[in-house]
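These protein sequence lines map, in sequence, to chains A and B.
Position one of the first sequence corresponds to residue 1 (my numbering), numbered consecutively onward.
Position one of the second sequence corresponds to residue 238 (my numbering), numbered consecutively onward.
What the hints contain is simulated information worked out from the structure, not anything from laboratory work.
Check the hints yourself; a few may be wrong.
Partner residues are not named here, just some residues of chain A that face chain B (Cβ under 7 Å, in silico) [said to hold, decoys possible]: (1) T2; (2) W31; (3) G33; (4) P191.
Computed spacing ranges between beta-carbons, pair by pair [stated by the list, open to error]: (5) D626/B x R77/A: 31 to 37 Å; (6) Y237/A x R623/B: 51 to 57 Å; (7) R257/B x E106/A: 46 to 52 Å; (8) D626/B x V198/A: 45 to 51 Å; (9) V571/B x P48/A: 35 to 41 Å; (10) V198/A x D635/B: 26 to 32 Å.
All values derive from a computational prediction rather than experimental measurement.
Glycine residues also receive a C-beta, built at the ideal position from the N, C-alpha and C atoms.
Here is how the chains run, residue by residue.
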Amino acid sequence: MTLHLVHLYPDEMNTYGDRGNRLTLLQRARWRGLDPVVHFVGIGDDLPDETDLVLGGGGQDSAQADIQADVLRKGDRLHQLVRDGVPMLMVCGTYQLLGRRFRTHEGEEIAGIGVFDVETIGGDRRLIGNAAVQTEAFGTLYGFENHSGRTRLGADQQPLGKVLRGNGNNGEDGTEGARTGNAIGTYLHGPLLPANPVLADALLSLALARRGEPAQLEPIDEPLVERSRAEAASRVY
Amino acid sequence: MRRLLGTLTGKAVAAAVRLRGRSAGQAMPGRVVERLVPGYLAAVLGQLPRGVVMVTGTNGKTTTTKMVVEVLRANGLRVLTNATGSNMTRGIISSVSQQAHLTGRLPFDIAVFELDEAYAPQVAAAAPPTWVLALNASRDQLDRFGEVDTVARLITSAMRAAGTGVVVNGDDPRLSSGAPTTGVQVERFGVAPELLRYFPRDDELVRTGTGAATHMAPATVTGELEEAAPVPPAPGVELLAFDGDRARYRVGDQELDARLQVTGQHNFQNGAAALALVHALLPDVPVRTLVDQLADVRPAFGRGQVYTLPGGAHVQLNLVKNPASFRQGLASYVREGTTVVVAVNDLVADGRDLSWLWDVDFSPLAGREVAMTTGIRAVDMALRLRYDDVPVGRIEPDLEAAVAVIAGTPGETVVFSTYTAMLRLHTMLSASAVKGTVTAR
Ligand SMILES: [Zn+2]
Numbered sequence: 001m002t003l004h005l006v007h008l009y010p011d012e013m014n015t016y017g018d019r020g021n022r023l024t025l026l027q028r029a030r031w032r033g034l035d036p037v038v039h040f041v042g043i044g045d046d047l048p049d050e051t052d053l054v055l056g057g058g059g060q061d062s063a064q065a066d067i068q069a070d071v072l073r074k075g076d077r078l079h080q081l082v083r084d085g086v087p088m089l090m091v092c093g094t095y096q097l098l099g100r101r102f103r104t105h106e107g108e109e110i111a112g113i114g115v116f117d118v119e120t121i122g123g124d125r126r127l128i129g130n131a132a133v134q135t136e137a138f139g140t141l142y143g144f145e146n147h148s149g150r151t152r153l154g155a156d157q158q159p160l161g162k163v164l165r166g167n168g169n170n171g172e173d174g175t176e177g178a179r180t181g182n183a184i185g186t187y188l189h190g191p192l193l194p195a196n197p198v199l200a201d202a203l204l205s206l207a208l209a210r211r212g213e214p215a216q217l218e219p220i221d222e223p224l225v226e227r228s229r230a231e232a233a234s235r236v237y
Numbered sequence: 238m239r240r241l242l243g244t245l246t247g248k249a250v251a252a253a254v255r256l257r258g259r260s261a262g263q264a265m266p267g268r269v270v271e272r273l274v275p276g277y278l279a280a281v282l283g284q285l286p287r288g289v290v291m292v293t294g295t296n297g298k299t300t301t302t303k304m305v306v307e308v309l310r311a312n313g314l315r316v317l318t319n320a321t322g323s324n325m326t327r328g329i330i331s332s333v334s335q336q337a338h339l340t341g342r343l344p345f346d347i348a349v350f351e352l353d354e355a356y357a358p359q360v361a362a363a364a365p366p367t368w369v370l371a372l373n374a375s376r377d378q379l380d381r382f383g384e385v386d387t388v389a390r391l392i393t394s395a396m397r398a399a400g401t402g403v404v405v406n407g408d409d410p411r412l413s414s415g416a417p418t419t420g421v422q423v424e425r426f427g428v429a430p431e432l433l434r435y436f437p438r439d440d441e442l443v444r445t446g447t448g449a450a451t452h453m454a455p456a457t458v459t460g461e462l463e464e465a466a467p468v469p470p471a472p473g474v475e476l477l478a479f480d481g482d483r484a485r486y487r488v489g490d491q492e493l494d495a496r497l498q499v500t501g502q503h504n505f506q507n508g509a510a511a512l513a514l515v516h517a518l519l520p521d522v523p524v525r526t527l528v529d530q531l532a533d534v535r536p537a538f539g540r541g542q543v544y545t546l547p548g549g550a551h552v553q554l555n556l557v558k559n560p561a562s563f564r565q566g567l568a569s570y571v572r573e574g575t576t577v578v579v580a581v582n583d584l585v586a587d588g589r590d591l592s593w594l595w596d597v598d599f600s601p602l603a604g605r606e607v608a609m610t611t612g613i614r615a616v617d618m619a620l621r622l623r624y625d626d627v628p629v630g631r632i633e634p635d636l637e638a639a640v641a642v643i644a645g646t647p648g649e650t651v652v653f654s655t656y657t658a659m660l661r662l663h664t665m666l667s668a669s670a671v672k673g674t675v676t677a678r
């Protein structure tokens, strides 16, 4: 069965290994006998009619301004997909732009589309290091954060999880990321999905369920992942 | 006075460090001199008749600096340079104070320094360079730099400090657009357009090679071909072709062939950079002579050096520090029958964030296996390879145990290694190598 993955802004938002998230979804889908197709959707491109899963990465701060107008243009369609329950993973820069707004360190205002009820303010110091996040739905997530933005959640916005190690959204309130329906925003690179296959499989399952397919994916025997996660658990910031 | 004082201080601290049984403390003398004798670097380097040349960029600094130094020396110049690994401000100060006479006199004609990108503006401000060579800006140690634009800004700022001229990579848009436009001589080096695919720029590292290409949406394929960048002026020095250890260069309107001691396509590109710089510094030396001298330069340690071990194993050690250098290494050194080992540490000098490994395309390894992954992040390296369908024979996080395995593997082994793992592997391999067989210093 064909699964349509959309990779948003692959040329602009790609700096921190987020390519690995795409590779992980592709391979884990193939290992289950699915036929994943990747659609690279950049500035000026439309999202395909058939969209099962959307990925976005982090990039240079300068790229943020470049893609802003295009994000606004795609806003209605992205909101529609979120309402339809299409799973999304938006990392770092794309997480910020799917929030309500982003104010750069220099005071420039960048409007977002508000899929997540969050606001981000650029800080003067980047928050960089190994991070761990406790989530209800996916267990502990391990990743590497690298961002200058400090993100605050609106009153009713659900976070992705609680910071166990690192700074998460802002280094102060102990929250990390945001979750709206099946859309997830997060600061975790690493990349996130190979280190946390439970999350990768959850995204795939949600995509399949929406297509009326059995959502239970056969487990994959992964001793390597167990070792990798045990090491990640003991890593320092 | 500053020269004398700084030199004496530097030498005294270095002696003290040695007395305490530490190995040549590279930063300590620099740190003390920086504190006690401000302005030392400018004062002491100011006496060099041919000034200071700085080489910086993400990849190729060490090899390119070695090329420039050795070609200048072959032409009779006395060249002051910094020790490998001492490429930050304090390391430069230490190197200079160790090599000066007690009086602070520097018995050299010219200095050629390899500079860490982050420190290039600082050193350039402390001791204004005559020439700056800007190699490339690529994703590297983003836990340290934050982003690639920052790296480019740092290098650009160093270029702006050059008093006489700049040599810049014409194929790197972030750098060539930042080169000064007036006041100094600007020389560009590059590779022929048909070779560009072997030298992906930072922004081209991401879309390729996940096996997804065949499924690419048609809209994207056309989008990818659009490249609105302005056509840059033709570079003065160009790598035209390469094959094995042979390279063909164009310098001005002359085409020249060379058989290089250094191997690897990235080093042929570094050769173009070095040629452009030495040609600018020595305009009266025939280009043929410069190319022949370049061809004699041997690899720097950890950059393609080969060690022959008593059991007959030939081990080649290659530093990989970012997607660009890893891709170049895979393309250059993996041949039929080569045993491949990958060593990955995540200490500060390696870069603590390993995200970049996911921007490396391991498809050149498709259909074969990586015999072993080693180093602190051996497990995560194996996991990375699994997602490119490359099986891993063995996971051995301990580097010493890994060297024992390598030593027992006859034939050619190539080891791709991050920085701190490379230093340790070099020490162990040098110690066990058959005397006189290590092919570079
Ligand atoms: Zn980030």
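Hint-by-hint comparison with the structure:
1. Annotation: interface hint on T2/A violated; nearest CB of chain B at approximately 9 Å, more than 7 Å.
2. Interface restraint check for W31/A: the shortest CB-CB distance to chain B comes to about 10 Å, outside 7 Å, so the restraint is violated.
3. Evaluation of the G33/A hint against chain B yields a violated restraint, the C-beta minimum of about 16 Å exceeding 7 Å.
4. The beta carbon of P191/A comes within 5 Å of a beta carbon in chain B, closer than 7 Å, and the hint placing it at the interface holds.
5. Separation of D626/B from R77/A is about 34 Å and conforms to the stated range, judged on CB atoms against 31 to 37 Å.
6. Range check, Y237/A to R623/B: about 27 Å between beta-carbon atoms, so the 51 to 57 Å window is missed.
7. Hint check: R257/B to E106/A, Cβ distance near 48 Å, so the stated range 46 to 52 Å holds.
8. Look at D626/B against V198/A: about 22 Å separates their beta carbons, and that is not inside 45 to 51 Å.
9. Checked against the hint of 35 to 41 Å, the C-beta distance between V571/B and P48/A comes to roughly 37 Å, which is consistent with it.
10. Restraint check, V198/A to D635/B: a C-beta distance of roughly 30 Å satisfies the suggested window 26 to 32 Å.
In this structure, the earlier hints numbered 1, 2, 3, 6 and 8 are contradicted, and the remaining ones agree with it.
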